[in-house]
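Colleague: Dock chain X against the given chain C, drawing on the hints supplied.
From first to last, the protein sequence lines stand for chains C and X. The first sequence maps to residues 1 to 214 in our numbering. The second sequence maps to residues 1 to 316 in our numbering.
Just so you know, the hints here were simulated from the structure itself, not pulled from any lab data. Here the structure is a predicted model, which is why all the values come from computation and not from measurement. Heads up, a few of these hints could be off.
[To be verified] Which bits of chain C does chain X cover? Going by a derived footprint, with three or more residues having C-beta under 8 angstroms, they are: (1) 7-13; (2) 21-33; (3) 39-45; (4) 62-76; (5) 143-150.
[To be verified] Facing chain C, a subset of chain X residues (Cβ under 7 angstroms, in silico): (6) 55; (7) 93; (8) 170.
[What the hints assert, rightly or not] Subject to a maximum C-alpha distance of 16 angstroms in a straight line, what follows is the list of computed EDC-like cross-link-like pairs (lysine to aspartate or glutamate): (9) 194/C to 20/C; (10) 300/X to 149/C; (11) 194/C to 14/X; (12) 300/X to 30/C; (13) 194/C to 11/X; (14) 26/C to 11/X; (15) 300/X to 201/C; (16) 105/X to 149/C; (17) 26/X to 11/X; (18) 26/X to 149/C.
Glycine is no exception: its CB is placed at the ideal position from the N, C-alpha and C atoms.
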Amino acid sequence: MSTSEIDRQWTTRLRRRALEKLPPEKTLPDSQPSYVSSWIYVFGVTTISALIVVIATGCVLALRGPTWWHGSSIGHFVNSLHLWSVEIFFFAMVIHLWGKYFMAAWRGGRAMTWITGMVLFLVSIVTALTGYVSQSNFDSQWISTQAKDAINASGGGAYFNLLNFGQMLMWHIVLLPLVLVFLVAVHVVLVRIKGVVPPFEEDAGQQSAGASHE
Amino acid sequence: MSKKNFRPDVDAPEWRGGHSPYDILKEGTIALVVVSLLTVLLSVVFGSPDDPAITIKSWSNAAPVDFATTALSELNGTSTTASYGAPYNHTPDASQALGPLTLEKWVGVRIPIDAANDFVVNPLRTLPYQTALHQGLANWSSASTSTRTKWVANYTKASAGMKFNGGQVVVNATNAGPVPVMINDLTKMARNGALDQALLTGNSFYSTDYTQSLLFISDGGYLGQLAAKDHLLGEQWGVMNETGSYPGSAWLWLYTFFYQISPYNSSGNGDILVLATMILLTAGLTLMPFLPGLRSIPRKTRVYRLIWREHYRNRE
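Next comes chain C alone, as it looks inside the complex (with noise of 0.2 angstroms):
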């Protein structure tokens, strides 16, 4: 095989495109700069983390079944797990969301970085919504009889029925994480690609000859 070929190979090009985009030292950096020193920067890895616990927690649930919890102590506790590790996820969340709009991080060329995780909040909410209408208990009866109508009002509840637990449950536990670790891949090679954005500069005239633009 020549040289030439390899080159034109769709997996040469791929790798060559992605490591260029993507160097492995600010795929795994041992160092930033020195700007990045603020406890808000914590609330992104945060939020990270409480998905992984939220995920982990999500799947012990998933071996026994949607209803398990409700006979079982332990099944109880881990579902007790499924819940505070939402709240920090949420929590942590909205504090990195508004920190980030407060750096105003879409600057220099981030601008998807920020559309992605605003996406992400979104479909956050609407998992958080399937979680709560799939426990099966009176806070899924009492919030899936209520959510409906603005569902149905804006058309949706035909195709995305609240009341339907069999498909609010595959929506909870396949599609919703799919689309949401997908999303947060997405937006974390966007981070890492993009690094975090510099502070602004108050003294215009300082202002770099080679700052970076969308």
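Modeller: Just chain X now, with coordinates in the frame of chain C:
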């Protein structure tokens, strides 16, 4: 890029300052351990709510008159479900509208519910043979629509004085045809649990679709009474609450807020108005990088100085 073309809310200065050591794997591991421990701590201390689901059996035993009244509303077409419109039925002018947009009407009836037949008549047909009920259902089937309407109207008129005595629904109705026996036998059916099963399974052995059961239950007053005790009603900020003293969906606070104020809380189109408002606000936040003026708020409010205070202190 020239200094002249630098847009401070779009562009970022290139960092030419120093770097600090950063162990991303160590940070991630510590975060995961801390979050896991915090999750365990919160779970041990607070647990999680699990109020059991109500059933049609438990509802009809706890509040038989409420159940029988609801069953009647399914029969006379006044229940929420019977008059809902799309996606359940073709009730005229029932769909919520956003100006000229009636999205649910455009999508149409995709989950057809015929409240009278699905919630009352058809379940009664699944019961073992009973002479009075069998004859009543036969009369119901053979009667004209106007006759049925007259029977139901006469029963409805007398139902204000409905009582439940000795396991029987008592209504002093005259010329109501088979309606008294239908409502009474449906209530008995509900109280022994057979209606739960009839509404769930339909013609299938397996089912995971509770649409009919939940719609029927939510048409009654019992579910709402229980929800009110747990502060779950819309006017109680219930969209973001859950049973017990738990944080619930605190992230829905703004969505819930709109349900507390006019015109959202007084409009017949409240749900779609709140949803549309939230979609608009969320789209604005999502597209913030492209919105001149709004994207300048972070720079102009200078909250970033708190975040990067060390950076600015070192520069001063």
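Colleague: Each hint: holds or not?
Modeller: Hint-by-hint comparison with the structure:
Counting residues of the region 7-13 of chain C whose C-beta sits closer than 8 angstroms to any C-beta of chain X gives 0, which falls short of three, so the coverage hint is violated. Beta-carbon proximity to chain X at under 8 angstroms applies to 6 residues in the region 21-33 of chain C; the threshold of 3 is reached and the given coverage holds. Residues of the region 39-45 of chain C lying with their CB closer than 8 angstroms to a CB of chain X number 3, which satisfies the three-residue condition for coverage. Here's how the region 62-76 of chain C fares: 3 of its residues keep a CB closer than 8 angstroms to some CB of chain X, so the rule of at least three is met and the hint holds.
With a threshold of 8 angstroms between beta carbons, the proposed coverage of the region 143-150 of chain C by chain X holds, since 7 of its residues qualify and at least three are required. Because the beta carbon of residue 55/X sits about 10 angstroms from the nearest beta carbon in chain C, more than 7 angstroms, this interface hint is broken. Given hint, residue 93/X at the interface with chain C, is violated; its Cβ is 14 angstroms from that chain's nearest Cβ, farther than 7 angstroms. Using the Cβ-Cβ criterion of 7 angstroms, the hint placing residue 170/X at the interface with chain C is not satisfied: the shortest such distance is roughly 29 angstroms.
A C-alpha spacing of about 13 angstroms is found between residue 194/C and residue 20/C, which places the hinted pair at or below 16 angstroms, so the restraint holds. As the CA atoms of residue 300/X and residue 149/C are separated by approximately 40 angstroms, the hinted pair breaks the 16 angstroms bound. In summary, the hint linking residue 194/C to residue 14/X is supported, as the alpha carbons are separated by about 11 angstroms, within the 16 angstroms threshold. Between the alpha carbons of residue 300/X and residue 30/C the distance comes to roughly 33 angstroms, so the proposed pair goes past 16 angstroms and is violated.
With a CA separation close to 13 angstroms, the supplied pair residue 194/C and residue 11/X stays within the 16 angstroms bound. A threshold of 16 angstroms between alpha carbons decides the hint, and for residue 26/C with residue 11/X the separation of about 21 angstroms lies outside it, so the pair is violated. Restraint check for residue 300/X and residue 201/C: the C-alpha separation of about 13 angstroms stays at or below 16 angstroms, so the hint holds. For the given pair, residue 105/X sits about 13 angstroms from residue 149/C by alpha-carbon distance, which is consistent with the 16 angstroms threshold.
At most 16 angstroms may separate the alpha-carbon atoms for a hinted pair to count; residue 26/X and residue 11/X exceed this at roughly 31 angstroms. Restraint check for residue 26/X and residue 149/C: not satisfied, since their Cα atoms lie roughly 46 angstroms apart, outside the 16 angstroms limit.
When the structure is compared with the earlier hints, violations turn up for hints 1, 6, 7, 8, 10, 12, 14, 17, 18 and for no others.
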